[in-house]
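Asks: Heads up: the protein sequence lines correspond to chains S and P, in order.
Counted the way full-length UniProt numbering counts, the first sequence spans residues 1 to 427.
Counted the way full-length UniProt numbering counts, the second sequence spans residues 1 to 427.
Misleading hints may appear alongside valid ones.
Which copy? The list can't say, so a pair holds if one copy fits it or any two copies do.
As the list claims (entries may be wrong) - Derived SDA-like pairs (lysine to any residue); straight-line CA-CA distance at most 25 Å: (1) K20 x D48; (2) K122 x D314; (3) K24 x L53; (4) K20 x G109; (5) K210 x V176; (6) K166 x R25.
Everything labelled a hint here was simulated from the structure, so no lab data went into it.
Quick caveat: nothing in here was measured; it's all calculated off a predicted structure.
Number of protein chains: 2
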Amino acid sequence: MALIVQKYGGSSVADAASIKRVAKRVAEAKRAGHDVVVVVSAMGDTTDELIDLANQVTPLPPQREMDILLTAGERISMSLLAMAIHNLGVDAKSFTGQQAGVITDESYGKARIIDVSPSRIKDTVARGEVAIVAGFQGVNPTTNDVTTLGRGGSDTTAVALAAALKADVCEIYTDVDGVFSADPRIVPTARKLDRISYDEMLEMAASGAKVLVLRCVEYARRYDVPVHVRSSFSTRTGTLVTNEALVTNEEGEQMEQPIIAGVAHDRSEAKITVVGVPDVPGKAARIFEVVAGAGVNIDMIVQNVSAASTGLTDISFTLPATDGAHATSALTEHQPDIGFTALQYDDTIGKLSLIGAGMRSHPGVSARLFSALSEANINIEMISTSEIRISVVTRADSLDDAVRAVHTAFELDSTEDQAVVYGGTGR
Amino acid sequence: MALIVQKYGGSSVADAASIKRVAKRVAEAKRAGHDVVVVVSAMGDTTDELIDLANQVTPLPPQREMDILLTAGERISMSLLAMAIHNLGVDAKSFTGQQAGVITDESYGKARIIDVSPSRIKDTVARGEVAIVAGFQGVNPTTNDVTTLGRGGSDTTAVALAAALKADVCEIYTDVDGVFSADPRIVPTARKLDRISYDEMLEMAASGAKVLVLRCVEYARRYDVPVHVRSSFSTRTGTLVTNEALVTNEEGEQMEQPIIAGVAHDRSEAKITVVGVPDVPGKAARIFEVVAGAGVNIDMIVQNVSAASTGLTDISFTLPATDGAHATSALTEHQPDIGFTALQYDDTIGKLSLIGAGMRSHPGVSARLFSALSEANINIEMISTSEIRISVVTRADSLDDAVRAVHTAFELDSTEDQAVVYGGTGR
C-alpha cells in the first residue's frame, strides 16, 4: 500500500463526463489499497473565461481580486470531483489551498509556496477517505487572503503536497503519454522516455518542453519527490522523473545513463541586437542593468568582436518575445547614456536544446550536434551551454528541420510502431 | 455621513455591464460621503448552472461539497464588483463570508447565522475603502468548512452584517420598486408602500410575497435594522421596513397606521384531506405527528363536524405542494394505526392573505373581506387568522379575481399614474 498524490489538469476535468472518468480512476487506486490525495486544476477553459470576465470589467484588475476570482475555478472542479468519487461509493472530501495548508508569500498572481502544513489532509487520509485539493492556490498568512501560484501552479501544488505528506509518488496526469525525446508533433519518431533525471527534466522545462513547469521540477528535486508523468486517457506507464542515482532497470540495477535524454525546442523567444556599442568596459553591464531594471529576464548573450577601425561592437541577447516591447522601450530611453547606434528586434528565431546528463562524461557531443545541423544546411546564430545542455539559436523556419536532424543524428528515433504509442490502446 | 449596507441580487450583477452599473452606484454613495459595505449574490443564473453541473455528476451530491461548489458563485461576483469599483477610482476589497466573520451552524445548505464578527470589514471601512462581502455564505467554525444559508440567504447576510456593524440602513436592491400592496402582475393598480412595519412584512413574506424572505425580516426585527427595499434600476425611494413605532410622516410625526398594508397571495400550497377519521380523542394529533415526523410543515387546518351517524370526520390541512408526495406516503404508511378511510390530494388551491397592523384596533375587517369575496362569487374553503392577518383558501383559478376584489374593497388601489411607478423614470 502506497500513498499516492495524483494531479489532474484542466483538460482531464473539462466537463461532467471527464470528471466522472477521473473519479473512476481515483476510486480504482483507492480500491487497490492505496491512500490517495488528488490535486485538481480548474475545469477546461474556466480560468481563461474568468480572466475574460475581469477584462470586461476593468483593463487593470487589482491582483488581490484577480486571485480571489481565479480560485473560484478549482473550487468548482474540486467539489464536483469529490461528489463524483462519493457517487462511486468512496468517501471523498475537497479542500481549498488554504484548508490544505498551502502557505505562500504575498505575491498575488505568482505566489511561491513557503510552507505546506497538510494536517486536515493527513486526517482525511487517516480516516480512509480520499482528499481532493485545489491546485494553483494557497493563502498568504499575513492577511489571510488567497493567492495563486501562476502558470503550472497545480503541478507545483501536487509536488509540494507530495513532499509534505512524504508520498511514495506524485502522479501528474496529462494529455500525453509522458516526457518524449522531442515534441512528437515535430518528430513523429520521438520516443517516450521511461525515466529522466531531475536535472535533465529541469533543462528540458527551461528549454521549452511544456510537459512540466520549471518550478515544479525544482521543487521535486529539492525534496526528492518521484514524479510520474502519465496520460489520463490510458493506463500505460509514463515517464518517471527521479534522482539520477535512482535511474535503475527493472531488476533494480543502476543503468548506464543514456548520453542524451532529448531535444527541446522553443519558439517563444526573440532576439535584440544593440548595434554600435562603444567597446569600453562597463557598457555591456549597463545594457543588462537597464534590461534587468525593466524586469526582463534574458537568456543567451553574444558579443561580436569589435571592429578595430571604429571601436564599436554589437551585443545580441535573447529574451521572451512577450517582453520585447518592454525591453526595447527601456533601452531606447537609455540610448543617450549607453551611447549605442541602433536597436534591431528579431522575433523570427527558434531555439533548439540538446539535453543529457551523459554529456558530462562523453566529449564530442557538441561536435556531433554542429555537424548534424551543418549537414542539414541550418545556420547557427547563437550558442549557449550548461553542464548537461547545448542550446543553439536558428531561424524560426528552420527549427523543425533542425530538431528532426539532431534527433536522428543522436539516434533517438524510436523503432517502435508509433501507432501503439499514440493510438490510445494499452500495451 | 451614514454607514450603509447595500445588497445587490443576482439579476443586478448578471453580466459585466450590470456589474459596472452597480459599481457606479456604489461609488456614488461613497463619493456622497457615506461608508459603504456591499453584499452581493452570485451572477444571474450561476447558482442554477452549478447545481446543474452537480446533478450531471451525481444524483445525490454530499451537502458539504454542494456548499463548497455553490460558494464559488459569489466569489466570482464579489471580486469582479471590487475590480469594477476600483476601476472608478474608489478603493474596494472583497471578502468571503468566512473572511467577513459570518459564523453559522453546520446545517450545510440551510445554515443559520449564529454570530457575525466583521473585524476585517470594520478595518476596511475605517481605511476609507468599500468592503464587498459574499452573500449567502458563512463558515462552520467547528470544521472550518464553508456553509450556505439557503434561499434568500444574501438578504439575510446583508441584514446580519448591518446589525453587527450598527449600520444606519440596509438597502436591499432588487428588480422592483419596493413592497407593493399586492403583486402588480395581478393587480395593476397596486400601490408601492412607503413604509411597512416588521410585523406586517413578516406576515407578507410568510403569506407568499416574494420581495424579502422570512428569516431576513425576522433578523431585521430582532436587531431593529431599518431595511430599505428599492430598485437597482432607478434612484427613486423604495419601501422602508421598520419598527412600527417609527412609522412617521415626513415631518417626523408618528402617523396613524393604515388599517391594511396589503394583500398577499400564494399558489405554492396544496391541500390534503384525510377522509373518514374516527372522531375520538388523539386521532388528529396522531395525523399531525406523522406529518411532522416526515419533516413537513403544515399551514392551515380545518376539521369538519363529524356525522353523528358514522362517528367519522374529515380533517383537511394545507402544506407546501413540494412536500405533497412525501406527506401522503407517510400518511398511507400509517393508515392502519390512524384508521382513516381515504386520502384526497388537491394542488389546485390558492391562498389569499390580507395583512395590516391596524386590524388590531379595527373590528369588521373580516366581515368586509368575506363580503367582498362573496360579491365576487368566490367560495372560501378554509380560513385562518393571526393578530394582523386573515388568510383564506380559494380555488386556484379564482385567486387572481379574489386578490383584485379584496384590493379594491379595502381601497388599496392607487390613483396615481402607474406609468410613473413602473416606467423607470425618477420622481
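Asks: If any of the earlier hints don't hold here, list their numbers in rising order.
Replies: Structure breaks hint 2 only.
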